[in-house]
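> Mind assembling these two chains? They're in different frames, but the hints should get you there.
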Amino acid sequence: MIHRTRRQPVNRRAVLKAAAGAAAGFYAWGVPGKSYKRARAQDSAISQILAIPGAGLQPSEADMEKVGELCLRSTKKGAFAGQTVTFIGVNNVGAHNNIFRPLSRAWEEYTGATIQWIDVPQAEIFPKVQQGIATGEIEFDLVEGGAPWEGDLLGRGLGSAMPDWVKEQIEIDDYVRLLQAPVGTWDGVTYRISIDGDCHNFNYRNDYYTNADLAAEWAAAGGEGEWAPPTTWAQVQEHTKFLNGKQVDGMDAYGFLDVVKPGGGFSWYFYASRATAYAKHPDSPAWLFNPEDMTPYINNPAFARALQEMIDVIKLEPPDQTNADLLTTFYQFLGGTGAMCAHWGDVGSNVYTNDSSIVQDKVSFSILPGSADVYNNTSGAWDTVGEGQLNFAPNEAYIGWGLYVMQKAEERGVSEAAWDLAAHLGGKDISTWTVIYPSGFQPYRNSHFELEYWTNANYPAEYAESYLASQSDSYNHPNGAIEPRIPGIFDYYIAAEEEMSRAVSGQKSAQEALDAAAAKWEEITDRNGREEQIKLYRGSLGM
Amino acid sequence: MTVVALLAVLIQALHTVGAIGPGFDSWRPVAIIVVLWFIAIDVMVYVDGGVKGQRLLFLLPALQITLALIIFPTLFGLIVAFTQWDLGGVSGPVFNGLDNFRKMASDGFFWNALGNNFKYVLVAVPLQYVIAFGVALLLNQGIRGQKFFRVAFLVPFMISPVAVGWMVGRSILDANRGVVPKGLDRIGLDRISFFDQPVPAFLGIIAMDSWVAVPFIMVLLLAGLQALPTEVFEAAQIDGASPWKRFWNITFPLMLPVSVTAIVLRVIFEFKLVDIVRVVTAGGPGGATDTLSLYIYREGVESSNVGYATAMAMVFLIVVLVSVTLLLIFAARKVRDVVY
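So the protein lines, in turn, are chains X and C.
Residues in the first sequence are numbered consecutively from 860, following the working numbering.
Residues in the second sequence are numbered consecutively from 594, following the working numbering.
No lab work stands behind these hints, which were simulated from the structure alone.
Be a bit skeptical, because a hint or two may be false.
With a straight-line Cα cutoff of 25 Å, these simulated DMTMM-like cross-link-like pairs (lysine to aspartate or glutamate) come out [stated by the list, open to error]:
1) X:K987 to C:D868
2) C:K775 to X:D1108
3) X:K1174 to X:E996
4) X:K987 to C:D930
5) C:K775 to X:D1184
6) X:K1367 to C:D700
7) C:K696 to X:E996
8) C:K696 to X:E1390
9) X:K1267 to X:E996
10) X:K1221 to X:E1309
One side only, chain X facing chain C, incomplete, derived with CB under 7 Å [said to hold, decoys possible]:
11) D1032
12) P1177
13) D1179
Reference listing, derived: stretches of chain C covered by chain X, where coverage requires no fewer than 3 residues with Cβ under 8 Å from a Cβ of chain X [unchecked claim]:
14) 666 to 680
15) 764 to 775
16) 787 to 795
17) 838 to 844
Heads up, the beta-carbon is just placed ideally off N, CA and C, and yes, glycines get one too.
Just chain C, with the same shape it has in the complex (with noise of 0.2 Å):
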C-alpha cells in the first residue's frame, strides 16, 4: 500500500509538471488513494501496536495532516517553482531552471512589493506595539468599567480585515462617499483623499491594519502583565520607585518574553499582509501600498502565471524565514541580557 501510494504520488507530481506522460487528469484519484493510505497504516498501528500502537495513534493523525497539507505541498511547490506554467498556456508546465529567479532579480514589481513589505513591518509593528502596550497597561489598572472596555477594545480584532478595509477605507475614508471627507468639505476644509498619494495611502492602510491588530497584540501583552508577580511591585512601591521607574525597570523586561512572542507573531502577519491592501487599493498608488503576497496573487491567481508566483512565493517564505530567525536570535540575547 504504502508503495502504491508514494508511487501515485510521485507519478502524479512529476505528471502535474509534464515530466511525464502517464498520469490522473485531476489529483482526486491520488488524494483518495493517500487518505486510504492513512487510514490503513493508522489501522495497523492500532491493531498491530498494541499499547504503544494505541498511545502513537493520538499523534499519527496529525502527522500525517501535516505531511499532506504542508510537508507535500512545499515540496510540490518547490518543483513548480523552476517551471513556467501559465495556467492559459497550451503547454502546460515546462521546467525552466532559474529563469523565474532570474526574472525576480530584475522584477521591479517584485523589489517594490518586497521592500513595502519591510517598511510595513519597520513602521506598523513598532507602533502597534507601543499602543497596544499602553491599551494593555490601562485595562491592568483595575479601572472602573475594565471588562467593559476589554471586550469593547477586542471588537476590531474580531472584524474581518476584508469587511474593515471595505468599512474604514471604502466607506469612512473613501474621498468621494467617506463621511470624514465630506465632513470636512462641510466645514470649509477641501475634500480629503486618503489613498491617491503614496505616503498617505501608505499610512491610512497601516492605521487601518493597526486598528485590526493592535487589540491582538494587547490580550497578549495584558495576560501577560496579570502574571506578573505582585509582590516585585510592592517592594519596589515600598522602595520608592517611582511609576515610570517601576514600568521601566521592572514590567518592561518583565514582559519582554510575551513582547517578543507578540512581536514576532506581528512581523509574521505583516508580511502576509494582502487583504486590506486588496479590499482599499489594490496595491496603488502606483504600487505604493502593494504586497509581496498580494503580488503573489496578481501573478498567480489573476495572471494564471502560476510557475513564477510559487517561485517568488518560495523566495519570500525563505525571506520570512530568516528575517524571523533573526529577530529571534536578537530577541533571545535582548531577553537574557534584561531579564538574567
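Bound conformation, chain X alone (with noise of 0.2 Å):
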C-alpha cells in the first residue's frame, strides 16, 4: 500500500480519476471544453465515463474523444514527441480502428507520439499480418490481432513481452478466466492485452416467444412442448420450420440465421456454433482434431449433423442468406429480421447504441442450445447426456481481440510507447465503455459483469442480466470448446468453409463436403509440420 501511495504522484490516473467523475458529468450536461479540470472528485470515473453519450445514442466521434480523454493513465507526458507507433487494425465500420483513432487522440496530445494508422478489412487482417511476418516486412509495431494468431505470432518469436508496469495499469488479473493464462503467454511469458472476450452466444427475440398468436398456433401444429425460447438445436430446426411463411409486426417472420458466405475463415464460427453442443464431449476438450495425431474430427457424424441441420433450413431463411457474412446478419438481426441467430457478444451491445437496431425491448439471450446427445470421438458413438439433461458446449470462438507489441517495435526504438498506447486502449476504464458501447468488443473482464455500470449507462436491468449470464456462463463453462492457438488455424476454418458453402448451396452432400475438408486439414497439418502442431495443440487445450 505504502509503495502505490508513493508512486501516486507520477501515476495521471490518480490526478485524474478523481478530476475526471465531475468532468464527465459536467460533459454529460453540456459544458464545452476541458472542464474537467475544475472539477472536484466526486462518483468513479468509469461511472461517469458510460454517461457519454447516455441512454439509446449512438456515441460520435467527439464523444470518443472526450472518453478516450478521461481515460487517460498515461504518465509519459512529452515523453515520446517525435516517435511513430504504427497500428495494424481492423476498419469495420464504427468499431475497432475506428473507435481506436478517437480514444487515443488524447494520448496522442498527452505523450508527443504520432500513431500510423494502418485499417485493414477484417477478412484479411490475418493473411496481410502473415506475409509480413513470412516476408521479414513487418511495418507495425502495434498489432490488433485474435488469440488463434498467437501461434503464428508469439510461436515465431515475434512478440514484445509485456512489461511489468503494464500489467499493474491495465490491472491484468480482472480479466476472465477464458483469458488468463495460457491465453496471451507463450512459454510462460505473457504477451497480450486484451481488448475483447469473445464466445457465441444465442441471441433470440423475445417478442416472439410472447406472442401468444404464434403460441396458439404452435399448440395448433402439434408443436411439441411449449412454445418458449429454444435450448436444443433440435428445437431451433423446429422453430425455424415453424415460422417460415408467418409474419410477426407486419414483418416476414424468419427463424435461425445462419452465416454461409465465405469470408477469410469468419463463418466458420457460425458452423462451429452449430457444432459444438454434438462434438465437444465433455470427457476430452479435443473437438476439432484428435490430440494424438491430429486427425481432424470435421467430418465426424456431428459436424456432419450439424452441416445438414443448417442445409435443412437454409431456404426457409430470408432470400439470400446463403450470401450472409457475420455482418450481414448482425445487421439483420438489429434490423428486425430473424428470431434467433448465434453471434457474438456485439449484438448485446448495439441492441440499445446501434442506430440501425429496432429491437430494443425484443432481445434475449442464453448460452448456445444444447443437444441430447454427444458424439464421443473415442468410442465412435452417440453418447446419450443422461435423462433430461443436454449436452451444452458454449463456442469460445476466437477468444478475443488482443493488442500485441511486436518486438519490431523494440528495434525501432519505440516499444514503450507502443505498451503505453496499448495499456491506454486496454486500460480498465476505457475497456468499460467500449464493451459497454458499440465497438467490436465484448465483455472480457469481472469487472464488466457490474450491473451497476449497464444500468448506469441506461440498460434495462432485465436486459442486462440475461446479457451478461449468457456471456458470463459462456466464458465459465465446464465444456466450453476452447480454440487452438496453433499456426494457421484460419487455414484450416477457410478450408472448412469453402466446402461448407458447396455443401449449403447443394453441390455436394453434408459428408461430401466434410470428407474434402477434412483431406484439406490433413493437408494443412503436413505444411505446417504435424508433430510441431500435435505439440501447440495439445498444449493450447491444457493436454
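Quick look at the structure:
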C-alpha cells in the first residue's frame, strides 16, 4: 500500500480519476471543453464515462475523444515526442480502428507520439500480418490480433514481452478466466493486452416467444412442448420451420439466421456454433482434431449432423441467406429480421446503442443451445448425456481481440510508446466503456459484469442481466469448446468454410463436403509440420 | 556492380525458396542494390555512350522497370510454383517438384473456377460487344445531346468495379435491403433473390460487369466509327443500299480491326474478373460465380498457400496466353478474309 502511495504522484490516473468523475458529469450536462480540469472528485471515472453519450445514443467521434481523454492513465507526458507508432487493426464500420482513433487522440497529445494507422478489413487482417511475418517486412509496431494467431505471432518469437508496469496499469488480474494464461502467453511469458472477450452466445427475440398468436399456432400445429425460447438445436430447427411464411409485427417472420458466405475463415465460427453441442464431448477438451495425431474430427457424424441441419433450413431463412456474412446477419437481427442467431456478444451491446437497431426491448440471450446426445470420438458412437439432461458446449470463438507489441517496435525504439498506447486502449476504464457501447468488443473483465455499470448506461436491468449471464455462463462453462492457438488455424477454417458453402448450395452432400475439408485439413497440418502442430494443439487445450 | 547485383538477386531468390541458407531477412537490401545498379548503368551509358548513349537513355529506364517489375517476378514466380510454401508453415518454401500441378489436376475448385472463366468470356464478351456497338452507332448518328450522352455513357466505366459491386449488387439488388427486391415485394411479387441460385447469380455478375465494360468497348468502337471514310457510305447511299446493307457490308467489316482489339482486351479483362465477384458473391453460391483469379487470391492471400497459388497463376497465365493467341489468329484470318 505504501509502495503504491509513493507511486501515486507520478501516476496520472491518480490525479485524473478523481477529476474525471466531475468532468464527465459536466460533459454530460453539456459543458464544453476541458472542464474536468476544474472538477472536483466525486463518483468513479467509470460510472461517469458511461454517461457518454447516454441513453439510446450512438457515440459520436467527439464523445469517443472525450472518453479517451478521461481515461488517460499514461504518465509519459511528452516522453514520446517525435516517435511514430504504427498500428495495424480492423476497420469495421464504427468499431475497432474507427474507435481507437478518437480514443487515442488525447494519448497522442499528452505523450507527443504520433500513431500511423493501418486499416484492414477483418477478413484480410490475418493474411496481411502473416505475409509481413513471412516476408520479414513487419511494418507495424502494434497489431490488433486474435488469440488464434498466437501460434503465428508468438510461436515465432515476434512479440515483445509485456513489461510489469503494463500489467499493473491494465489490472491484468481482472480478466475473466478464459483470458487468463495460457491465452496471451507463450512459454510462460505474457505478451497480450486483451481488449475483447469473445464467445458466441444465443440471441433471440423474446417478443416472438411471448406472442400469443404464435403460441396458439404452435400448439395447433402440434409443436412439441411449450412455445418458448429453444434450448436445443433440434428446437431451433423446428422453430425455424414453424416460422416460415408467418408474419410478426407486419414483417416476414424468420427463424434462425445462418452465416454461410466464406469470409476469410470467420464464417467457420457460425457453423462451429451449430456443431459444438454435438461435437464437444465433456470427457475431452479436443473437438477439432485427435490430439494424438491431428486427425481431423470435422468429418465425424457430429459435424455432419450440424451441417445437414444448416442445409435443411437455409431455404427457410431470409432470401439470399447463402450470401450472408457475419455483418449481414448482425444487421439483419438488429434490423428486426430473424428470431434467432448465434453471434459474438456485440449484438448485446448494439441493441440499445446502434442506430440500425429497431429491436430494443425485444431481445434476450442465453448460451448456445444444447443437444440430447453428443458424439464420442473415442468410441465412435453417440452418447446420451442423461435423462432430461442436455450437452451444452459454448463456442469460445476467437477468444477475443488483443493488442500485441512486436519485437520490431523494440528495434525501432518505440516499444515503450507502443506499450503505453496499448495499455491506454486496453485499460480498465476505457474497456468498460468499449464493451458497453458499439466497439466490436464484448465483456472480458470480471468487473465488466457489474450490473450497475450497465444500468448507469441506461440498459434495462433485465436485459443486461440476460446478456451478462449469457456471456459469463459461456466463458465459465466447464464444457466450453476452446479454440486451439496453433499456427495456420485460419487456413483450416477457410478450407472448411469453402467446402461448407458448396454443401449448402447443394453441390455436395454434407458428408462429401466435410470429407473434402478433412482432406484439406490433413494437408494443412502436413504443411505446418504435424509433430509441431500436435504439440501446440495439446498445449493450447491444456493437455 | 553488375556481378554484385546479379549475385545478390540470385542468392536472395535461392534463400527465399529455401535452397540455400545465407541471405537477407527481406528483399529490401536487394532492391536497393538493384536500384543502385540501374542508376549506375544509366549514368555510365550517359557519360560514356555519347549521343548514342543519350538516345539509349530514353529507352533504358523503361527496360529496367520491365525487367524489375515484370520479367523478374515472373521468373521468381516460376520457381515458387514448384515449391510448397505456406506462409503459416514453419519450414518456409520447400521444393516439391510437380506436386502443385498434380494437385491442380484433381482440384475441383480449380476446374470449376477455370470453367466459369470461360463461361464469363463466352457469354459476357459477345453480349457486351453487341450492346456497345449499338450504343456507339447511336452516338455516331449526330443525335441531339450527343456530347452529353457520350459523357453519361462513360460514367459507369469511371466507377470502380468494387463500388459497382457494392452499389448494385449489395445495395440495389440485395434481397434483404435492396431497392429492387423491396419494390417488387411492394407491388405484390415475391421478394426475389438474385444471388442465391447459380444461374441468376452468374447472370447478375455478368450484368454488373457489363455495366462497367460496355462504355469501354463503346468508346473504342465510337472512335473507330468516327475514323471511317464518309465517301464509301455516301457512294453506297447513292447506289441505293439500305441502312442494314450499309452496316453489314461496309461498317461492320471496316470496324473489324477495332472490334478485334476491343474483344481481345475484354477477353483478357474477363479472364481477370475478380472485384465484382468478390464483393457481391465471393464466388458463391457454391462456386457458381467463382473465377480463377478469385480462387488464386483466396488460396494465396487468405490461406497463405503461396506455392500452390503461384502454380495456378502460372497455369492461368498460359491458359490466357494460348486463348488470346488463338483468338488473335482466328481474328486475323477473319479480318483478312472480310476486309481484303
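> Are there at least three residues in the region 764 to 775 of chain C whose beta carbon sits under 8 Å from a beta carbon of chain X?
holds (count 5)
> X:K987 and C:D930: Cα distance at most 25 Å?
The hint is violated at about 52 Å.
> Against the 25 Å threshold, does the CA-CA distance of X:K1221 and X:E1309 hold or violate the hint?
At roughly 22 Å apart (the allowed maximum being 25 Å), X:E1309 and X:K1221 satisfy the hint.
> Are the Cα atoms of X:K1174 and X:E996 separated by 25 Å or less?
The hint is violated at about 45 Å.
> Does X:P1177 meet its interface restraint, that is, does its C-beta lie within less than 7 Å of any C-beta in chain C?
holds (6 Å)
> Within the region 838 to 844 of chain C, is the number of residues with a Cβ closer than 8 Å to a Cβ of chain X three or more?
violated (count 0)
> Does X:E996 sit within 25 Å of C:K696, going by the straight-line distance between their CA atoms?
Distance of about 30 Å is beyond 25 Å: violated.
> Does the structure keep C:K775 and X:D1108 at a Cα separation of 25 Å or less?
holds (17 Å)
> So, as I understand it, the hint says X:D1179 touches chain C; can you test that by seeing if any CB pair is closer than 7 Å?
holds (4 Å)
> Hinted pair, alpha-carbon criterion (25 Å max): C:K696, X:E1390. Please report holds or violated.
Holds, at roughly 23 Å.
> Quick one, are C:K775 and X:D1184 close enough, alpha carbons at most 25 Å?
At roughly 20 Å apart (the allowed maximum being 25 Å), X:D1184 and C:K775 satisfy the hint.
> When you check the alpha-carbon spacing of X:K987 and C:D868, does it fall within 25 Å?
Measuring from Cα to Cα gives roughly 18 Å; hence the hint holds.
Checked against the numbered hints above, the structure breaks hints 3, 4, 7, 11 and 17 and satisfies the rest.
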